[in-house]
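Chemist: Going down the list, the sequences are from chains A and B. Just so we're aligned, residue 1 is where the first sequence starts under my numbering, counting upward by one. Just so we're aligned, residue 1 is where the second sequence starts under my numbering, counting upward by one.
One or more of the hints may lead you astray.
To be verified - A few chain B residues that face chain A, going by a derived Cβ cut-off under 10 angstroms, partial list only:
#1 62
#2 69
#3 72
Unchecked claim - A partial selection of chain B residues facing chain A, derived with a Cβ cut-off under 10 angstroms:
#4 60
#5 63
#6 66
What the hints assert, rightly or not - Calculated lysine to aspartate or glutamate pairs in the DMTMM-like style (CA-CA distance at most 25 angstroms, straight line):
#7 A/48 <-> B/25
#8 B/107 <-> B/129
#9 A/381 <-> B/25
#10 A/135 <-> B/127
Rather than coming from a laboratory, the hints here were simulated on the basis of the structure. A virtual CB, placed ideally from N, CA and C, is assigned to each residue, including glycine.
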Amino acid sequence: MNGNVTPKTIHLEINGVACEARPGEMIIQVADRVGIYIPRFCYHPHLKIAANCRMCLVEVAKAPKPLPACATPVTEGMCVQTRSDAALHSQHATMEFLLINHPLDCPVCDQGGECELQDLAMGYGFDHSRYEEPKRVIADENVGPLISTDMTRCIFCSRCVRFLEEVAGAQELAIVGRGERSAVRSFLAGEITSELSGNIIDLCPVGALNSKPFRFAARSWEMLALPGISAHDAMGSNLYGHTLRGRLLRVVPRPAEGRNETWLSDRDRFSYAGLYHEDRVVSPKVRENGVLREASWDEALEVSARKLEDTVSREGPESVAALVSPQATLEELYLYEKLLRGLGVRNIDVRLYRADFRDGPRGSRAEVPGVLSATEWESRKACLLVGTDLRSEYPLISWRLRRAAEAGARLAALNPVQFESRLPLSFDRPVGPWGLVASLAALLGRLDPSSFSGELAWAAPWAERSGLSAAELGVLGEILAAGPEGALVLGELVEAHPEGSRIRALAAALSQASGARLIDLPVGANALGAERVARCWPDRGDPLPLLLDPPKKLYVLFGVEPEYDLWDGDRAVQAMAQAPELLVFASWLAPSHAAHASVILPVAAIPETGGTYVDLAGEEQSFEAMVPPWGDARTGWKVLTMLGQRLGLSGFHYEQRVEILEEMRARGSHPLNGAQSCIPEREGQAGPQDVRFPYRMGRRAVYGTDPYVRRSTPLQQTPLARLSRTLFLHPDDAREQGVQPGARVRPAGKPDAPVLTVAVSNRLPRGIVWLDSGTESAVGWGPSWGRLELDFPASTEILI
Amino acid sequence: MNPPTTLSPEICREIDHWIAQYPPEGRRSATLAALRIVQEHGGGWIRPESILAIAEYLGLPPVAVEEVARFYSMYELKPTARHSVSVCTNVSCMLCGSGTILDHLEKRLGIRPGQATADGRIYLKPEEECLAACAGAPMMMVDHVYHEHLTPERVDEILESLE
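Modelling step: build the complete structure from the supplied sequences, incorporating the hints.
Modeler: Here's what the structure looks like:
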């Protein structure tokens with residue numbers, strides 16, 4: 001031994017090939033790098049080492065017995081043989097044992113054809129079995145609507161167990177029992193609640209865990225694998241769609257280091273099940289004598305053009321308001337705006353879930369939004385999360401931060417309620433709705449007391465009433481002390497906050513004072529793309545609330561379901577009911593479309609569309625359609641082009657999609673007019689108010705973020721989706737109201753609103769009624785945040 | 001978090017005693033003791049909600065506690081009986097006739113291993129492994145008391161002494 005000196009490079013030989021390795025690397029990592037394959041089941045480059053399948057046994061010179069390549073660190077001068085007689089003998093022997101209890105049901109197993117066990121059995125197995133005794137059988141569990149289990153096929157590699165514990169942040173599966181009676185099980189055979197659970201399907205090297213929605217739908221070798229991009233958050237996760245005869249049958253991750261690595265959130269993986277939902281609009285429709293009827297494209301485009309022209313010429317372009325989904329592609333967003341601008345219409349908004357517009361067109365966001373690439377999240381030294389349930393909003397950022405925390409990063413959350421974050425947080429006390437503003441004000445006061453002069457003078461009374469102890473302020477202050485290596489992250493609850501502009505102003509000041517990176521998480525897969533399009537026409541129209549009150553004469557919706565997607569869906573639907581005309585571009589039919597639309601133009605859903613998304617790092621990713629549009633639907637940009645031509649507008653002759661982006665870039669990016677400096681001006685709120693029961697709050701339901709995911713039946717049956725449809729009260733409030741968990745409740749004076757089931761949770765502060773938006777359960781419950789009147793129509797009725 | 005409602009203050013006190021034996025980050029180490037305490041207080045078996053309560057109390061994932069409870073044969077996860085009888089059937093006892101002893105017990109009590117008598121008096125543990133009393137084989141354990149050099153007659157005597 002040469003004392004404490006660790007050599008930087010280790011030299012070893014694998015199958016006679018000279019290799020270099022870093023100290024601490026395992027044989028299998030080096031072999032993978034130089035392209036020497038060693039068979040394995042339990043080893044996975046992104047999971048901790050378990051060394052329990054023994055398939056990777058290799059021969060190491062001078063070692064008395066075969067060693068597992070996944071758990072044997074390299075040493076200087078090591079000589080490894082992976083294909084010697086001794087190594088092959090060990091690998092064959094391991095294979096024989098693994099196959100002893102494995103059923104021979106490959107012909108009816110979904111894993112067949114893409115099965116690591118099948119593949120390795122071809123290479124290392126015998127063609128007959130010496131085992132004649134009875135095989136072991138394990139009863140299957142129902143672990144939820146996403147994953148089917150055939151646990152008799154399990155070979156106990158424990159990848160699924162390790163994934164949920166290490167990557168998803170909560171151990172939900174375990175190897176229970178012992179010896180021959182061992183079985184991988186969830187707690188008391190219950191459902192898996194992770195938002196990343198689908199990844200264990202990919203990780204399972206055998207057919208024990210398979211996709212339940214895909215079960216028996218096709219054989220793997222029949223399908224085409226086509227690349228795509230996730231449509232539900234701005235992570236821009238890469239994925240493959242598996243298609244058969246023009247139908248999308250399954251979605252799996254497409255490895256992208258520095259982005260989603262090899263993982264995919266359940267939302268991205270299982271949303272495809274909504275593609276062929278009965279709500280799909282398969283043909284154009286026009287309203288005649290009050291009834292929607294099918295129409296030809298020609299007729300529907302003609303009627304649309306006439307209604308737009310008539311309204312603009314009779315009532316003026318200000319009488320038209322247009323909303324667009326932040327899930328639309330860059331090309332669609334651009335053409336939509338170009339078409340409306342061609343008619344003189346300026347009232348176009350994409351900020352469907354924003355509550356507070358006092359700080360101008362795009363909030364206080366810097367010219368270039370503070371964005372981090374996926375890997376930059378992981379290198380944060382500290383992170384203060386403000387107003388976000390990250391697991392639900394950005395499942396994969398939540399995972400990146402978990403890894404950052406493992407590497408020593410300090411994390412804290414300032415949230416109105418306490419979420420089950422599965423992150424190690426140094427501060428996690430729920431501060432209530434106004435506490436978000438007050439806490440940030442107090443932090444700013446601590447960091448730089450002089451900042452309460454001038455524009456932020458309003459913040460001083462908030463700071464005084466933050467309710468944070470000196471110790472708590474210290475903990476939060478330490479996070480910001482990381483400076484530029486830290487991040488201050490604003491989530492969807494800031495977007496939904498009635499005082500959001502104050503939060504944005506304080507966060508900007510805090511970022512400036514501390515140097516921490518300010519990240520305003522995009523709400524919607526292409527929200528940053530929408531921002532780019534807005535900068536092509538810097539003269540913005542009125543913000544969304546002014547578009548609804550008073551109602552306009554004509555509304556245009558592109559991919560928007562007002563009752564679900566908007567912060568105050570009820571008010572939006574009312575406005576649209578009062579408007580004489582409603583023109584809808586949609587892939588799915590929402591109840592409000594069916595009730596009020598004058599024309600419905602069926603556009604292709606995202607997997608049927610080619611287009612471009614801008615991810616949260618500001619990077620563009622283009623994708624092609626995986627399957628043709630369903631029914632008589634047409635690609636969005638083509639529909640907009642046809643309508644533009646029909647309206648006689650110039651510049652609507654595109655041959656290819658790429659011309660649209662070229663034109664957009666040529667238009668340039670301009671600062672938006674009308675951006676306010678950071679002074680909110682609302683009178684009458686000089687500081688935090690007391691929260692009086694019942695004050696409703698909520699986030700966008702994890703599986704209610706957009707029309708596509710809303711139609712995915714398997715996702716809607718998950719435990720997470722069930723929580724989104726439950727109304728939560730603080731236990732003390734429930735007691736005061738005389739309400740038991742399980743009681744039924746609805747908003748007072750709205751007999752048509754859905755009746756919900758009450759649950760209690762002391763993760764809420766007193767006075768709060770928590771109900772997520774974005775689902776049919778929240779329709780009729782008013783704005784996402786605000787005072788409620790509650791009615792317990794049958795409070796004696798207890799659901800069991 | 002709600003305080004777990006199914007753990008009595010007395011049980012919590014006893015568990016606290018065991019938590020104190022380990023460093024603060026090692027609360028998990030008290031799992032074995034917590035399961036034993038809950039079983040003793042719970043009429044000889046551990047209810048599912050108790051596993052959840054222990055998990056909450058120790059700050060562990062519920063399935064991590066269930067994993068331990070199902071690994072060790074000392075923990076019962078189904079109702080048993082007033083007395084628990086385990087017959088060792090491992091090598092030494094088997095060679096010395098534990099088969100006869102188990103047959104005799106099954107016949108006399110009219111139950112199979114893993115079952116309890118209808119009167120709730122005796123529970124016969126399934127397939128007990130070596131209890132480290134090979135010198136006294138064949139042997140059985142009744143409520144943590146070892147009985148060695150067994151014969152069917154001796155087994156009858158022992159059974160009769162149980163209320």
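Chemist: Each hint needs a verdict: does it hold in this structure or not?
Modeler: Each hint tested on the structure:
| no. | hint | verdict |
| --- | --- | --- |
| 1 | 62 | 4 angstroms, holds |
| 2 | 69 | 9 angstroms, holds |
| 3 | 72 | 8 angstroms, holds |
| 4 | 60 | 8 angstroms, holds |
| 5 | 63 | 4 angstroms, holds |
| 6 | 66 | 6 angstroms, holds |
| 7 | A/48 <-> B/25 | 21 angstroms, holds |
| 8 | B/107 <-> B/129 | 21 angstroms, holds |
| 9 | A/381 <-> B/25 | 23 angstroms, holds |
| 10 | A/135 <-> B/127 | 19 angstroms, holds |
The structure agrees with every numbered hint stated previously.
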